[in-house]
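> Line by line, the protein sequences are chains C and D. With the first letter of the first sequence counted as 1, position 330 gets the number 330 in the numbering used here; the numbers rise by one all the way through. Take any residue in the second sequence, note its place counting from 1, add 1000, and you have its number in the numbering used here.
By construction, these hints were calculated from the structure, which means they are not laboratory data. Source: prediction; values computed, not measured. Incorrect hints may have been included.
Simulated DEER-style distance windows between Cβ atoms [said to hold, decoys possible]:
#: 1; chain 1: D; residue 1: Ala1216; chain 2: C; residue 2: Gly90; range: 48 to 56 Å
#: 2; chain 1: D; residue 1: Asn1105; chain 2: C; residue 2: Glu335; range: 50 to 58 Å
#: 3; chain 1: D; residue 1: Gln1239; chain 2: C; residue 2: Arg267; range: 54 to 62 Å
#: 4; chain 1: D; residue 1: Asn1244; chain 2: C; residue 2: Leu333; range: 50 to 58 Å
#: 5; chain 1: D; residue 1: Asp1004; chain 2: C; residue 2: Ala91; range: 45 to 53 Å
#: 6; chain 1: D; residue 1: Leu1365; chain 2: C; residue 2: Arg26; range: 36 to 44 Å
With a straight-line Cα cutoff of 25 Å, these simulated DSS-like cross-link-like pairs (lysine-lysine) come out [said to hold, decoys possible]:
#: 7; chain 1: C; residue 1: Lys400; chain 2: C; residue 2: Lys27
#: 8; chain 1: D; residue 1: Lys1154; chain 2: D; residue 2: Lys1052
#: 9; chain 1: D; residue 1: Lys1361; chain 2: D; residue 2: Lys1314
#: 10; chain 1: C; residue 1: Lys400; chain 2: C; residue 2: Lys326
#: 11; chain 1: C; residue 1: Lys27; chain 2: D; residue 2: Lys1260
#: 12; chain 1: D; residue 1: Lys1260; chain 2: C; residue 2: Lys122
#: 13; chain 1: C; residue 1: Lys369; chain 2: D; residue 2: Lys1096
#: 14; chain 1: D; residue 1: Lys1052; chain 2: D; residue 2: Lys1225
#: 15; chain 1: C; residue 1: Lys122; chain 2: C; residue 2: Lys27
Even for Gly, the Cβ is constructed at its ideal location relative to N, Cα and C.
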Amino acid sequence: MRKGDGIRGLARTTHTIKDTEINLLRKQTYSCKQCASCREWNWNDEHLTGFLPGVTKTGFVICPIYRHTEGFQTDFAEGKVRLVQGLVDGAITASDYLGDKLFQCTQCAACTEYCPQARVDKLDPSEVIRVGRGLAVKSGGNQPKEITIMTHRPVKPRSLPTSWIPHLHGSTSEASLAYFPGCVFGESFKHPSIANCMISILQVLGQPFQVLTEGWCCGYPAFTSGNTTWATTNAQMVAERLRALKVKRLIVSCAWGFRMFSREYPRLLGKPLGVKVFHASEFLHHELRSGRLKLLKPWKVIATYHDPCQLGRRCGVYDPPRELIKAIPELRLVEMVENREEALCSGGGGGVAAAYPDLSNAIAVTRVKQATDVNAQVILTACPYCRNNLQQGINSLESKLVVIDLIEAIANSINIEAQDN
Amino acid sequence: MDHDPILTRLRAIVGDRYVSIDPAELWCYTGNMLPVNPQAVVLPGNVDQVVKVIQLATETRTPVIPRGFATRNTPRRPGVHPKTEGGWILETTRLKAIREINLDNMSVTAEAGVTMAQLCNHLAPLGYRVIEGSMASYCATVGALTGVGPGLRKYGRRETQILDIEAIVTGGKIIHTAESEGKGFNLTSVFCGSQGLACLGVTTAVTYQMNALPEALEYLNFEFKNTTDTVWFLTAIDQASPTNYPGIFQVNVWPQEVFKLYANMPWIKNQNSDWRRLLSRYPPFPNDIVGIIIEGNKDQVDAECHSILKIAAKHHGIFVGPEPIRDYFVDRNWNGNTKCHEDVARQTTSWTEPFFLCRIKDYSLVKELVVRVAEECGFNIGERFWARATLRKGWIGFTVCVTFDDTDQSDRTRAVDFVDQSLQRATEAGFISSGRNLPGAVSDAVLHSIKEELDPLGIMFPGIFYLD
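This is chain C alone, in the form it adopts within the complex (with noise of 0.2 Å):
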């Protein structure tokens, strides 16, 4: 239980939820059915064949806190929806237990993907707890002080430090094509091998670029909290931003920045952002099926990929980062037995892995052991988060496993060293 600090009462005093957001929230809330096809998947049998494109099989659990966690009805979407029900209706009153359960989501959205109620009502359960989390803390529920932390990151632009780029000299800030390295990259985590090594990818294509350096935040941390208005207020200055520096084409090598610029900020914005939104992954391939990115390094290894959730399910990009895998030479992709729709959830979102670190591992190590069945050397992801949850995975069970990002075994493919510092 986590109890002060400061920190609760400013998270409460600066959280923020729409009218609209709540009213939302009612109308998905009572479109639950109770089904529990968010706990396990057990409806795609042959009297509702091709009901769920993609869906293969059927009798497993699909949320991963489910697995991880005593089995209590809060413990996967269908009670946490019920709490944000109880919670708009004046039922329930907020709570720490309260609260920690709806923090207690990856939001890997793997409820939504199987939500029979997603086809027929839209209903989102991931999205009803993200913004039920926002309900929670404003009436006084607990929200993790780690997430309150990450919340309360400065969103205006500021310089940081470039030492970290090596080879920024190859952009120009005159480019309509840019790149956006996210948060992860500079400040919180010590391996800025992604970034350099796409730009370094991205010098070797010889397209004119320029790479955002100003330490934005795409806004994740305060929309998976449920502080809508903080995401919104943090999309506007980033949009304006965009339009000062002219930027036309955005690339985004991180799955939780793709799914913000791409799909949140139009919804935040109330308008289109007006710029072409590119996952890494997407731009690559596009570059590889024109010739231009060329893979002639071969590597001999058995890899595996794992899809990012908001890059696949919330984002449909699945085929890209396969195809991109499969042009490296003597590379042999093997799948995982959860893959693609059915993906398991690497542990890292939602603000799981900075609030409930044992949780989240539980989870990556879950995921690591299915890499590990199917007898694959190397785990290849697209998003960086998903990448340092892995790792800790793989850091757990003490695995021989290596995990690197899509981009930098890429890179390497055409003869680009990756550089951690």
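Based on the hints, put chain D in the right spot on chain C.
Same frame as chain C, but now just chain D:
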């Protein structure tokens, strides 16, 4: 941490982590019409823990509310249950073992927390399955499913598919319903019809009959312009099956009220392609749509489909497609939890579903009767009322459902009136009726006696029969 000494003992049995007394958690367990206000939720991890919890509950006279998962099989007769104050919700979802597959007598024994889909997945590679029926959810645990189930044309009622139930009764005694224990009784049928209504014990394992997986499966839907044609067609199918049509798995009849109701729902028009395809052919609504599911080997299914098409044509049935409608959509989107509907989302929080069993020839009478009663009670046809019938051997099982606002006393009273009046008038008309989803295998009086024998202290969640 609560310092209640009884709760402390409870935690010692199952572990601290598996007992929750938080109001938010408890609230999540009290939805869907379950009239309880529990003190705690308990998740025992094995049969031994269940036994000890029941022993503790018996010793302390604490009510026990057994709970499985995802059947949504909560008492459906409004206004009958008083609220059970206190007590423990005992959820058996952690009992996950599939204990035994016996190919000699074609049976499989699974613990109560195994879901139907997990069990079917386990058996499928061996070429077998257990019959889950249409009303049973694949998400539901087998323990919970002992209380519900279908009346299937091909496989009969659920209790014919369940060979044995292991249950813990008051005092912590483990019983097997199929074992006579020298008394000559088989309690399987009683347990099958009683769970959640007149609870006799906590189911911890179920032994199912295994059946071979079908090679092929087809759906046929026919439209009938009047009830007379429907009745003649159903009679013909009933008389011919199973001799001529051993593959007929299930026959459902959706009266026009269902189509009126569905036609009013925006999401049906936008999202549900199967129903949309059917609705696009109406209005005007047909009198009935008869949906038939056929399974078996491929040649057999083909031949039966061909033959049934001929019979339907003879009785003026119009083939309207092979969509797998069955009652999946009805069950999932109306029947299970009526909180879903945008138009009535804030008003409709509960539902009730009286059940009638009648001879096929009386189908039109019982249909007219319940429609009239529903209208008299103010439940507009096509808005808060739907009905469905299932063909059984010589009989039709007819269910109707109305939704009401559980928090609105007048609405609740109307729902109670509807149930009471429709059941009473159906009984007077000579139909077999029941407030339960399925008619019981034994009379209420016998059920009372059995409950008193197995649960003399009355700690198991009482149920409507015990309260009558």
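> Against this structure, judge whether each hint is valid.
Verification of the hints:
no., hint, verdict
1, D:Ala1216 to C:Gly90: 48 to 56 Å, "53 Å, holds"
2, D:Asn1105 to C:Glu335: 50 to 58 Å, "39 Å, violated"
3, D:Gln1239 to C:Arg267: 54 to 62 Å, "60 Å, holds"
4, D:Asn1244 to C:Leu333: 50 to 58 Å, "53 Å, holds"
5, D:Asp1004 to C:Ala91: 45 to 53 Å, "24 Å, violated"
6, D:Leu1365 to C:Arg26: 36 to 44 Å, "43 Å, holds"
7, C:Lys400 to C:Lys27, "48 Å, violated"
8, D:Lys1154 to D:Lys1052, "41 Å, violated"
9, D:Lys1361 to D:Lys1314, "18 Å, holds"
10, C:Lys400 to C:Lys326, "22 Å, holds"
11, C:Lys27 to D:Lys1260, "23 Å, holds"
12, D:Lys1260 to C:Lys122, "23 Å, holds"
13, C:Lys369 to D:Lys1096, "21 Å, holds"
14, D:Lys1052 to D:Lys1225, "59 Å, violated"
15, C:Lys122 to C:Lys27, "10 Å, holds"
Hints 2, 5, 7, 8, 14 from the list above are not met by this structure, while the remaining hints are.
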